[in-house]
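Using the hints, position chain B against chain W.
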Amino acid sequence: MSLDAKTVTRIARLARIGLQPGEVETLGQDMGSIIDWVEQLKEVDVMGVDPMIGTGLAKPRLREDRVTDGDCRDKVLANAPEREGPFFTVPKVVE
Amino acid sequence: MSGIHDFTLASARDALKARKISAVELTNAHIDAIERLDGQLNSFITRTPDRAREGAKAADAALAKGEGGNLCGIPLGIKDLFCTNGVRTTAASKILGNFVPPYESTVTANLLKDGAVFLGKLNLDEFAMGSANLTSAFGPVENPWKRKDSDAKLVPGGSSGGSAAAVAAGLVLGATGTDTGGSIRQPAAFTGIAGIKPTYGRCSRFGTIAFASSLDQAGPMARNLEDCAILLESMAGFDPRDSTSVDTPVPNYEASLKRGVKGLRVGIPREYYTKTGLSHDVALLWEKGMRWLQEAGATIFDVSLPHTEYALPSYYIAALAEASSNLARYDGVRFGERVSAPSLDGLYEASRAAGFGEEVKRRILIGTHVLSSGYYDAYYLRAQKVRTLIQQDFLKAFENVDVLLTPTAPSGAFAQDEKPTDPVQMYLNDVFTVPASMAGVPALSVPAGLDARGVPLGLQLIGKFFDEETLIAAGHAIEQAAAFHHRPTLHAGVSA
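Keeping their order, the protein sequence lines are chains W and B.
Everything in the first sequence is counted per my numbering, starting at 1 for the first residue and increasing by one.
Everything in the second sequence is counted per my numbering, starting at 1 for the first residue and increasing by one.
Only chain W is shown next, with the shape it has when bound in the complex (with noise of 0.2 Å):
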């Protein structure tokens, strides 16, 4: 069943992917048949079965706690679209 245009438009906004009005009823669409598609995971019994949260092959280990990197700014700057001096710069947040 396809995903009605205002559930796409939800999640869109939460993914902050804007969408075009064309491509609402499209992803709704697909995505319809792909949440009809797992659906089929509610036959499976999990009754009392944990659930796997990665393969749990490396073990929990500590370090010290030290610098171990940094003093790069310019380098952490170096992609940045838009930039001021050593700042990343974003539209007016806080009026």
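Rather than coming from a laboratory, the hints here were simulated on the basis of the structure.
Backbone N, C-alpha and C define an ideal beta-carbon position, used for all residues, glycine too.
Some hints here could point you the wrong way.
Claimed, not checked - DEER-style ranges, computed between Cβ atoms:
#	chain 1	residue 1	chain 2	residue 2	range
1	B	G3	W	D71	46 to 54 Å
2	W	E43	B	F238	38 to 46 Å
3	B	N98	W	M47	49 to 57 Å
4	W	V90	B	G139	29 to 37 Å
5	W	P51	B	T489	46 to 54 Å
6	W	K42	B	D14	53 to 61 Å
7	B	N85	W	G22	36 to 44 Å
8	B	K262	W	M47	38 to 46 Å
9	B	E54	W	N79	22 to 30 Å
10	W	E82	B	Q480	57 to 65 Å
11	B	R241	W	N79	18 to 26 Å
Relative to the frame of chain W, chain B by itself:
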């Protein structure tokens, strides 16, 4: 007499060490092949011939002194998902179209340390999301293979389609790939080459652009398993900068080639017959593979992986949920493409709308949906529980067998214009490869024959955690029996 384009990675390494050929000659021959063929194949996004020549010169100097690592002077291609210091890294996305990393991924750093020469960055599906290399912002990659009596452009598989095509066409001696649900194995099968997805945690993910962090794993792609073994030994190893990297020694993978398969217990998962819709040619090849292993001394067992049919839908929930989170960082502020707007949210929305392609948007939106309030338990949490069951299926099967043998993909390469319009149909390409990814176990693909239309097919072997050696031994037995020496229509060694 065999020419410079007949070298495998292993034979080139030996010829370099014996000074029968120079690294500069070898590198120049490959740069020349890229210039001749890649206008058509489009396997490279960024070529780095000048860096490669410098690297080759340094390799020759080291070799002349009897020094140099195991890959000294070997020309490789790097999937454009690995960050390379000072060389543009795009993930085949417009949103990273001008991104130049100020650091090197651990996997590529390991290869450079061993003396490898990088010819450039290889094309892929955008953010590694695809099974046909049709979603790249830098255009599709063409498979160097052709069907008999047809000039239709075939897909190389995906997402490591550029890596697969470049290796198959002889443009590089080996390449790095990444595999989230089959992105090394399926393109390897589609292009008649070998590829290994190691155990999750074997190769560091540091500096590899993330798609689905709990599944992404780097691995080698090359003409045969000997070459893959050499590459994997260099790429693998513990890295404190990746919290999922596993601190276990890297064995000598090359040595396991000679191990043989006498007494090896090979499982055939019966659900891979009944639940997948594999083609007739693929089914026949699978049976051949069983016979080959039996003749080499292995024993075949019927095994069951009862949750097989649920692997793909649970994969798409888990992977897309992780992707929606991982790709949140592309916001037009700190790096990547920016589209200006009066408000900050407007800037995010406009930048992400312009920077991401259709498939990536679709996947981020589904991932966002399954993680959103009211759906999390029904979709995401349930999928994670199903994932536990899938992993248990494998662990149980491996109580009785050493490896599993399956096809790599349900069919051979399809044509670019035969791409299914329904996204779910496209996802079914990964039906055989996704379960091992979900479980985190290692798997590989070896070329094993041609289908009725003359395009290559691969067989997949799946192994126990950190037992890549047994996989390589079994895969090599298949290679020897299959004697796959076919070459694609487009190949560096064929003069136009």
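Comparing the hints with the structure gives:
no. : hint                          : verdict
1   : G3(B) to D71(W): 46 to 54 Å   : holds (51 Å)
2   : E43(W) to F238(B): 38 to 46 Å : holds (40 Å)
3   : N98(B) to M47(W): 49 to 57 Å  : holds (51 Å)
4   : V90(W) to G139(B): 29 to 37 Å : holds (33 Å)
5   : P51(W) to T489(B): 46 to 54 Å : holds (48 Å)
6   : K42(W) to D14(B): 53 to 61 Å  : holds (56 Å)
7   : N85(B) to G22(W): 36 to 44 Å  : holds (41 Å)
8   : K262(B) to M47(W): 38 to 46 Å : holds (44 Å)
9   : E54(B) to N79(W): 22 to 30 Å  : holds (24 Å)
10  : E82(W) to Q480(B): 57 to 65 Å : holds (58 Å)
11  : R241(B) to N79(W): 18 to 26 Å : holds (20 Å)
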